[in-house]
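Chains as they are written, first to last, in UniProt numbering: chain A, 1 to 431; chain B, 1 to 431; chain C, 1 to 431; chain D, 1 to 431.
Bear in mind the hints are in silico, worked out from the structure with no lab data behind them.
Some clues are possibly wrong.
To be verified - Across the chosen pairs, the derived CB separations fall in these ranges:
#: 1; chain 1: A; residue 1: Ala364; chain 2: C; residue 2: Gln135; range: 40 to 48 Å
#: 2; chain 1: C; residue 1: His140; chain 2: B; residue 2: Asp358; range: 51 to 59 Å
#: 3; chain 1: D; residue 1: Asp118; chain 2: C; residue 2: Lys209; range: 56 to 64 Å
#: 4; chain 1: B; residue 1: Ala364; chain 2: D; residue 2: Glu419; range: 48 to 56 Å
#: 5; chain 1: C; residue 1: Glu206; chain 2: D; residue 2: Ala153; range: 50 to 58 Å
Virtual Cβ for every residue (Gly too), placed ideally from N, Cα, C.
Residue-level listing of the chains:
4 protein chains.
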Amino acid sequence: MTSAMIDSDLVDNANRTAMDGLKADYDYLGTALARRGIDIDAVKRKVKAFGVAVPSWGVGTGGTRFARFPGKGEPRHIFDKMEDCGVIQQLTRVTPTVSLHIPWDRVDDISALREAGDRLGLGFDAMNSNTFQDQPDQAHSYKFGSLTNTSSAAREQAIAHNIECIEIGRKLGSKALTVWLGDGSNFPGQSHFTRAFERYLSSMREIYKALPDDWRIFTEHKMYEPAFYSTVVQDWGTNYIIATELGPKAQCLVDLGHHAPNTNIEMIVARLIQFGKLGGFHFNDSKYGDDDLDTGSIDPYRLFLVFNELVDSETAGIEGFHPAHMLDQSHNVTDPIESLMVSAMEVVRAYAQALLVDRRALSAYQEENDALMATSTLKTAFRTDVEPILAMARLEKGGAINPVSAYRASGYRARVARERPAVTGTGGGIV
Amino acid sequence: MTSAMIDSDLVDNANRTAMDGLKADYDYLGTALARRGIDIDAVKRKVKAFGVAVPSWGVGTGGTRFARFPGKGEPRHIFDKMEDCGVIQQLTRVTPTVSLHIPWDRVDDISALREAGDRLGLGFDAMNSNTFQDQPDQAHSYKFGSLTNTSSAAREQAIAHNIECIEIGRKLGSKALTVWLGDGSNFPGQSHFTRAFERYLSSMREIYKALPDDWRIFTEHKMYEPAFYSTVVQDWGTNYIIATELGPKAQCLVDLGHHAPNTNIEMIVARLIQFGKLGGFHFNDSKYGDDDLDTGSIDPYRLFLVFNELVDSETAGIEGFHPAHMLDQSHNVTDPIESLMVSAMEVVRAYAQALLVDRRALSAYQEENDALMATSTLKTAFRTDVEPILAMARLEKGGAINPVSAYRASGYRARVARERPAVTGTGGGIV
Amino acid sequence: MTSAMIDSDLVDNANRTAMDGLKADYDYLGTALARRGIDIDAVKRKVKAFGVAVPSWGVGTGGTRFARFPGKGEPRHIFDKMEDCGVIQQLTRVTPTVSLHIPWDRVDDISALREAGDRLGLGFDAMNSNTFQDQPDQAHSYKFGSLTNTSSAAREQAIAHNIECIEIGRKLGSKALTVWLGDGSNFPGQSHFTRAFERYLSSMREIYKALPDDWRIFTEHKMYEPAFYSTVVQDWGTNYIIATELGPKAQCLVDLGHHAPNTNIEMIVARLIQFGKLGGFHFNDSKYGDDDLDTGSIDPYRLFLVFNELVDSETAGIEGFHPAHMLDQSHNVTDPIESLMVSAMEVVRAYAQALLVDRRALSAYQEENDALMATSTLKTAFRTDVEPILAMARLEKGGAINPVSAYRASGYRARVARERPAVTGTGGGIV
Amino acid sequence: MTSAMIDSDLVDNANRTAMDGLKADYDYLGTALARRGIDIDAVKRKVKAFGVAVPSWGVGTGGTRFARFPGKGEPRHIFDKMEDCGVIQQLTRVTPTVSLHIPWDRVDDISALREAGDRLGLGFDAMNSNTFQDQPDQAHSYKFGSLTNTSSAAREQAIAHNIECIEIGRKLGSKALTVWLGDGSNFPGQSHFTRAFERYLSSMREIYKALPDDWRIFTEHKMYEPAFYSTVVQDWGTNYIIATELGPKAQCLVDLGHHAPNTNIEMIVARLIQFGKLGGFHFNDSKYGDDDLDTGSIDPYRLFLVFNELVDSETAGIEGFHPAHMLDQSHNVTDPIESLMVSAMEVVRAYAQALLVDRRALSAYQEENDALMATSTLKTAFRTDVEPILAMARLEKGGAINPVSAYRASGYRARVARERPAVTGTGGGIV
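So here's chain A without its partners, still in its complex pose:
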């Protein structure tokens, strides 16, 4: 059995206090949904089967190019990070896996890491490689690119690093590699667009060859940053071409903060699903650029609209449709554990809301061009406060009705602050 990071008595006691209110809310919501022809328990079952991965780097405090303001008790290494992730999963029961980042999470003893996962009830999601920073011992710099560098030695080094990530992942039970790189240029003319992309495809083909048969490789597009004039994988158009050129195991990863202003992201999601190339998501929210804010904190309706596409496809039973869900955020001013718990719950909230959409009615309105009723059908689902469903699902899976209060009551942060020396300096690196 898994070992709980937070005293389970404490959680149970808190749950007992809140139980009656939750029961009443759940029952009333069940009645109200039944009037709309929806079986609340069926929705709850789907919610209980849903999961979203936590990024190992997310439990540290993030920063900007200007400064990083460390928090208390920040994890010193991947084993500390796993414990923090264990807290998140213990209380929310919706984050059963962790996504690792190499070299930040590289360890000598991989089996110890796997055992830590087992002990905490955590599996390993997609592996993340890092060719956007130079490591102290690195032979070739990525200052001017990694997989697209004009130097073949630098490219080979980056390829080898990605293959190492696959190797580590195999030992941990991961089934996917996520490749994001910052390669691009800061000046018109600095880089030859076509040659750079040819080098990219050539490097990626090498990595693809090393991919086990039951793995997927996710490529991530991003409009800009850290390159500020051009980025090699700048949008979903290029990302789609990559996935097509590489082969069936290659799919596109959509980070909600990586698009141009005003972009209709849910439409991109639909297109990628239609052509079999949606790999999954990096969830977060943004107001300006790749702000990496907490998921659903800025535009919760947009998050719902993305899940509306996902549930539409899930309902349609599209073959091979199983997108990976992962959070990817930078927690600059909050306790990362709290932000990740709330964000994971926002993700599953959007999923639950999308499950409430009356798809038969919607489809008919679409066919008749009844725009007002079609959009009202979505709004009716979005407006429903599904918190009782989420809380009941958590409770039944052994989590907390109110994860943030339980966490605050536990004194976990103060405890690890005593155990873990303060981290200073900037650093961090948020994909």
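Following the hints, complete the assembly by docking chains B, C and D onto the known chain A.
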């Protein structure tokens, strides 16, 4: 021989006055370019071979959804428009073709139109269909879409219209059909993204079948407007998929004003070239949305960077690379003839500047990651005032050294204002 | 007494059917809110006192520069428009006033218009002038500007028109003039920024002088359109200067769709309140530009955040704080009456949600920099489905529990479609 | 006399080689400009009197939140930085001052710093305070704000720091303090907009009181980053209010990269001039956000349009108009000395081009609404290659005809790379 719309003596006289200055400027520029290893006459030869099409609708005054303020002497029909286009070509010698729009330019006697072209020295560029407006006699409305309408009757009507455009174009010597449509939605949920795009592809396949072997079909993406939540062909990613799904005769058309804020358009151009899918351009400029401002009036360096990609590919001798050039602007506050003359000259100016780029040096700087010198190489070309080359090319081809002054001196506008009754009301419609 | 446009028996019958469900929902919500220390009846009382004006032009079908697709039974004149507005108010009971637009709503007999308002239970909100279009009989064109035109005759004509709007408004009981103009430029250099703004201020001072003591004048900023390079009143900074320069009766009007991409609008609202210059709102929603989509249809959380500022100020009892609320939308694909009803309800929904914010707790979290709990406090309010409060408020004021179904059941649209001949052509003009 | 960082013989020799070509180019340009009624020597005189400050932090390699890739021979302290700035001024003769940043440039012996300036021929421009980072010895953290922190102790610390910057600046001969801060929030609700701004104004009033009579204080607005939901000084509207509230010594600083997408910056410049509140500039360029790219590298025409406003005001002889010019860039992939030299030359290039605008003609076209000729008047000036004027001005002031080649030939970078140990880690901090 072609009949001149403007008295050629008037042009000759004006040219005579300016000739000495031009000769001196051209000679000095030739000397300066020779120092950089560039043969000015070779550049001039390429400039003389360059052409950009004028859209028939561009010679009328454009408007916004708020108002249209008509100009004087606006063309009443395609024959008037052809005459205005004839003026543009007579003076600039860089706009040898006209692009028609059906039904606006539909005529009973197509041979008369062809003869008008012959008389004015104008050929016929891509045909443009219109399924974004309802015509008075139309059986099915496009209020809720044309090629993607949920009604098969509306779709078939739109398909038939496109095929009619091909038929007209064949008789006129056109070799391409441009398809832009406003289909999309104004509300989340109004349209099912995937089903709408399936209908789109299905409709387009019908049109593609009707395309002669030596024709191309250009599809045009646009982020938004007239649909304000989603647009079926919203970006180059979707456009690329369309061109791929349809076949080798299908290529993407890039309108410079149809992208999200901050988009790196020259990179999209490079990608489309790399994958054999760049069909051509609708040139204009924009500051906010699809503003349809005069080409090069807002960001001339961006226009140069686009041509830098085109000349790079031209120089590399990429097989089958022959993008179509067309202006597509809305002239709300200027005399359309003047704006089109100046814009055509801005297009060829960017081409001439791009021809001056030292590509061997640039390539070496790119290889060595010398970002500063690479970008300076572009800037050196951009900074060169190529007006003497353009003017000399015009002069040698029989045009005006200074087209705007010659036009103003000719009194053409006042003359047609007397002949053509004032047009009132809004309308116009600018793609 | 007012005359109902929809048979009140029909409404009563529909309400009777829905009454039990509503009662149960309202009671359960009351219980749930009581747990949070909120008195549902107090919230309902505030909701019942809330109103938002309907723009007279909103009941016609809108369009884009490409096309307008007319709806059925469109109003032919202001009396038809008043009847449509009467339907909206009868069913929603949240739109007690109409905002007129001159010259579109100019009538010979103003007292007949006032009587129509009385009969339909509708008052008259802010008057709107129009100097962005030329009228058939107009001496001077606004092609190159109105209040900022370089021609003093054109400026004086525009000033006189605004003063006429005040005169009409006085007779109707209006208390405000809203001035929006499209003046600006399409080319760098076309207009001298400073001189144009000096002319603007000079013209506005003339209008301000003609303003009755108990009136306010609202100026509206807009980033772009119909001018596409520069707009004279381009943002709230310029708008604030205008209101400051003119005097205490001048205040700024915020249209939610008139800002740059990514702008934090709620912060602008807070600034204008702080400095006593918030006049009111034009509510709508947008994804790209000034899309004029239905309020709350794209980003309902943003609308809530705006109301969060308003309720914060209302709660603080800021002296002289009484912002004007008005819808301003373009209904291109829906029945305008339906869209306006739903939008008015979205506005009052955001108001009701903002009333639920625990401001004492929020304030404490802000003081302690507890960002997570502060934002969760807002989210808790936003997530609450306040529909039972809104519906109960409507019911108690004599409206419909479900306005859209009641409207559809009434056959109103089909009836007026028989009475009113079809309107064709584009036109419309949407501010 | 000043001590040259680069061997002056080397510069002289290089100049000698290029002299004949330059002389010929200058003469021919003089002839061509004379035809347009422009005296090239008068333009050159103005160019020679122009200066732009170099930021001390600009000579180090910048980075992003993801990584910093150090360059060779990076300055270890302000004395190294002064030497690098000396190189820039020696070769370009357009950067006579350095702008310091405290605490990065804090020294024990201020007179030694002043002497270094004297020796290198460098004066001291505006002082820059830093309250966006925590320093190791700092009592109160700025994690949740500095001048706007809810803690009065933190605010007082930030006020004291700014006053210290003034004190240091007085000793160095500086005459201005620039205040940029990152204060804002990452979540809706985290911060109370109005109270935060009240605290801001209150803190700034304390700093303003400490300002010497002959000093100015520049406040800098920025849309976002490092705060990603709201920023206290988010735009020029708020910045203008600040300058107005504080008093006549307070003016607004415009950083070209700190605006919303698509913003018309030159218009903001005009407004600030009109109301006496333009303090100066942080020059750089951007494509997406605050990219801090080299000035003029992305959109040189925009830079020209800004200078068009400045020269228009300079020509009009507006009283008290003397904007401060400063570069503010992040050099991530180039040698910072090279980037700063090229950027300084781009600034003066835009100034020189703006001096060529035929303002009398422009004014007439504006009055007559001749948009085409007005914009062509600007374009004619912009298109003129003024490099001969800039190079001749440099030469006559003792600089290099071609600063980048002279710098490369000098071996300066290799020399300092031997003297200065490599800097590692991220850091840097770029305003």
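Okay, the hints, checked on the actual structure:
1. A:Ala364 <-> C:Gln135: 40 to 48 Å: 45 Å, holds
2. C:His140 <-> B:Asp358: 51 to 59 Å: Holds, since His140 of chain C and Asp358 of chain B (Cβ atoms, about 54 Å apart) stay within the stated range.
3. D:Asp118 <-> C:Lys209: 56 to 64 Å: For Lys209 of chain C against Asp118 of chain D, whose Cβ atoms are near 59 Å apart, the range 56 to 64 Å holds.
4. B:Ala364 <-> D:Glu419: 48 to 56 Å: 30 Å, violated
5. C:Glu206 <-> D:Ala153: 50 to 58 Å: 52 Å, holds
Checked against the numbered hints listed earlier, the structure breaks hint 4 alone; every other hint is satisfied.
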